[in-house]
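Using the sequences plus the hints, can you model the full thing?
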Amino acid sequence: MIEPNYSIEEEREFLHPGHLACQGCGATIAIRYVLKALGEKTVVVIPACCWSIIAGLFPSSCLGVPLIHTAFETSAVAATGARAALDMQGKEDVHVLAWAGDGGTFDIGFQALSGAAERNENILYCCYDNEAYMNTGIQRSSATPVGAWTTTTPKGGLEDRPKKNIVRIMAAHGIPYAATANVAFPDDLYRKAKKAASIRGMKFIHILSPCPTGWRIPSSESVEVARLATLTNLFPLYEVENGTDLTVNYIPPKKVTVENYLRPQGRFHLMSEEEKEGIQRQVDAAWEALLREAKKR
Amino acid sequence: MLGKLVQFHSIEELPDSPVTKGTTLWNPTGTWRSVRPIHVSRLSPCLLGCPAGNPVETFIRLIEEGDVDGALSAIHEENPFPAICGRVCFHPCEDRCNRGSLDGPVAIHLLERWVADRGTWKPVPPEKENGKSVAILGSGPAGLTAAYHLRRMGYAVTVYEKDRKLGGLLRYGIPAYRLPRKVLNREIKNLRKMGIVFKTGKSLTEEEFDARGFDAAILCVGAQKFRDPKLVHQEGKGVWQALEFLRGVNENDRVSLQGKALIIGGGNAAIDAARSALRCGADVTIAYRRTREEMPAFGEEVEAAMEEGVNFVFQVAPQSIKRGSDGQVTGVGFVKTRPGKPDETGRRKVIINPHETFTIEADQVILATGEVPADLPWDLEIRYGESLCETDREDVFVAGDVAGRQRTVAYAIGWGKRAAIAVDAYLQSKKVNFNKIAVPGGEGISMRAYLGTAQIPDKPVVPYEEVNTYYFPESEAARGRVLPKQKRLEGFNEVVQGLASPQARNEAARCFHCGDCVMCDNCLIFCPDVAISRAEGKEGYDIDLDHCKGCGICARECPRGAIIMVEENI
Amino acid sequence: MKKVLMGNFAASHGVRLSRAQVISAYPITPQTHVVEELSAMVARGELNAKFIKVESEHSALACCIAASVMGARAFTATSSHGLLLMHELLHWASGGRLPIVMVAVNRAIAPGWNIWNEQTDTLSQRDTGWIQLYCASNQEILDTVIQAFRLAETVKIPVMVIYDAFILSHTYEPVDIPDQKTVDAFLPPLKNPEVLKVGEARAFGSVTSPDFHMEFRMKLHDTYERVPEEFEKIEQAYAATVGRTYGAIEPYRCEDAELVMVVAGSLAGPTKMVVDGLRQKGIKAGRIKLKMFRPFPTKPLQEALKNAKKILVLDRNLSPGTGGIFAHELRSALKGDARPVWGFVAGIGGRDITPELIESMFFDAIGADAPVSTTIFKGVRL
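Protein chains in written order, with the working numbering: chain A, 1 to 297; chain B, 298 to 867; chain C, 868 to 1249.
By construction, these hints were calculated from the structure, which means they are not laboratory data. Computed from a predicted model, the values in this text were never measured in an experiment.
Below, simulated DMTMM-like cross-link-like pairs (lysine to aspartate or glutamate); rule was C-alpha separation at most 25 Å, straight line: (1) C:1023 to B:309; (2) A:254 to B:762; (3) C:1100 to B:313; (4) B:318 to A:40; (5) B:835 to A:13; (6) A:195 to B:818; (7) A:91 to C:1051; (8) C:920 to A:107; (9) C:1023 to A:87; (10) B:318 to A:13; (11) C:1058 to A:92; (12) C:920 to A:118; (13) B:301 to C:1082; (14) C:1058 to B:313; (15) A:91 to C:913; (16) B:301 to C:1078; (17) C:1086 to B:310.
Okay, here's the thing in structure tokens:
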């Protein structure tokens, strides 16, 4: 069970200051702990996403490891290519990390991702999910949750389709490891990245990464709101091994209603009370189902 | 720290494709910032609550670190009586404790007691005598505390106590089931070892003071003047003043009480008297003018009294003592009361209904109707100056119940410290800003601040809303084991037992450490800009302001409000 | 060793001999044999490479790009729609200055579905920054693939080796397969091929602001100026070791020719035959086989065409509204030249181009002082 005090031993940083992320960006916290887990023998692949900006303008890079920027829809396969080259050079101990946003994962990059998963490429694919196309200015993606305002789901046409369940989709490929993580739980994220690094084959980690700009929250509340996503069971922390073996990693000590997660976020302010109640029902049902499935193991 | 941006001076220097050559460290993202985080020491509510100025957060932290002796020393910087305070203080610190809003305040008093009982602290005379001498009148908590602090500062201190034994109210007012004598004696003995001279059974007149060449005096004569309810037939056998009764019990270990004892009053003295009377064999009833909720006595004490079998009668006002033909007390005549409109202090007035009269039978009556400050023994007036301890004679000061309105042990300890500082300032011709050494908005005063060994945080107290409670999973507050009722009534054995060590460590771990950085690293961990690092070679953190964008996550994720965001001057 | 091989297999052997390390491809007619054979070679242990069976052409090239960034010799093959799907990544490869080699088999583009020969697919990629080399025989395919790796690695520009669907891809011809040692001598492994090295904190393809983007494109453009010269050197080196040479252009009987036809790809053979026939009839005809399309071999063309009075271009491709793409490019290369240029478009979507049809184009030019229009469709049925 996850404790609210942190014990990440790795002191080295592979993320340099001076990067171009907005204030309070969750995606930077996310990569910080994944890279700590993977270490200096890592090659990162980043498609078009917030991180293609965050990483820095030529001639500067904020990462302490090599980074390949690649086309929007290609992160999984570019990682495959880098992996292939490294393997040909006998560098099988080098980790290849594909680092993509939700658009590049759930939407445009999904085909290449599915392909890499099906081939069980020996890469770690992390999706830092900020639940919309934030880099281009908050347009909805298939990771945008029900009831959210975005610039393409404006007032009167709020997002009305549930978020794709990407981890279950990835697990359904039968890959050795698929997990959710949350920047508000860095120990868990670090542990999962470490675990992924120890497994050969395709690994997928879905990391909830708050975007203060797009979620319409003060930058200071970024981590807190992300934490609430897990405390309310809206974004449970779990991992699925070999496609079927499901473990829930965190059970909140007490029930916190989703209202507590929705209220602080401006993007949910246009939701009606009935819609919020509907979300609570969905969350409760999904959580129960998750626990049942974990028990089956 | 800023790095350097790679420059290209010709197209030949440029690589073939956009492949970077350096880090982003050159980029001064700190310029994006409109607010900046600062690690600060802020006031913790417990500190505000402690009239004795105990360094609560500090000693709990030392317990957590496993340094029990260190914890005890930390308390001794401010307060010579942790074993006593940990037992008899009604812990206003805990009333303020932020954890109270979550799952019950940290049992600070039990921790203080545990530290005092388990830790070692060596009383030693000061390294250097400063050649000046101070006389202290009264050996209650205020006088002893003043003596202690002055002695530490190098004064020759003589304490005059007109009673046979030292301790004042601690010895004669507080029953042993709350404060075992050996605990009291142990802490007083510490003072003796420091070289404080005690003259018991003696007082000191103003003339003697002048004649003996003392440089200053502190009058700590307490508040033992009985507030007389002046009931009809009050004079005579079978009617006690509460303090008189308690003194009798405490001096003789017990007195034999037969029959029914009726205690009149609702304060702590009433409860002490009631529970003592119970132990002396009486059947005890407390009669109080107002409701239970309005009793000034501390809730836990009232509960304990009820548990032990004390009867309570509320909303009754005593009118007369009923006596038999032999002069023996047979009861007390009462009238019923009802609450009236609140007065300017918000307390409801008592309205007497003279037509509803009745009698409660009693063989003994104990009047616990309160005390007022004693008259000063010398022909002086209190002149509240900056220290609040001044009299109209510049070398004579007052402290404790005689000077204060709130009369508890912790307040007395605070007063003693205040007077010691006032004396030192006077004798060393120091200018002291008492506002700087007093806990802002609180009750206590800090000796460490006065001596310059520590600073009182000048940043506002951390409210509960600023505690990040995620980091503190709910857990029940520790409670001291209590003796079973039967055992209690057998005598004056201590009722509440101290914590076992594992219990104490768990309890210490419940402390939020409001406003005090404990190097938990949360700020560092969650910084999206990797702009926070552990300071080299010292406690605390460095913030890389060249890159910090001022997002405020560090302040928000600080579990204890020890980081504040301040506006940049732009 | 001589073998009778399909054009596609000739390409596979060229890749094998070049010791490609990462091969990533997606099947499309008429390219399929290239990768089938390569997968078989890997399976048989004849080629030590990672063969990655990706889920699209887009991914195929993306995979090669990242592999190339990490220093692997990378290869892919495609055609038509597959090439068009790769379009975005063609730019990534050239802008990234990655020495990737690709085989592109010319095939028509839908709608309607058409698997037959046409050059519009590769020619419409002309501005992607890839070097384009068109082959006229299966032997040339094999040789060009090997040369392409050396060229790409020399100038750090990706190379497309192009040949016609079915006419070459599926047609068997005798092909001389050089031995591995010979090829190794010609194409040694690169020293420090990695753009990015493990342990070095560098990023490939970072955002480039207006401060730099133009310079990078200019550098790529400037490098193109060197390509014909480097290509020539490589051809000479290849001739010295393996013994064959093709040239960026191959003029045939152009020295005294009054009419010269410019073609690319497998049409080089039939046009040569037609020129011979016309010569027998006393007509001073010549033809130029264009191998290199990017960079466009302007100078050699000007030189080879200097005595021609009339110029003919046979395009098996169409830029709608503009006409044949080779014709368009040639007119641009001859800027200011008053000589008439006949732009013939024929064989679109795999329609047969017979020697008679080619001959009729010469006669069109003989019978007029200037073309009746910029673009003349030949062999139209309806």
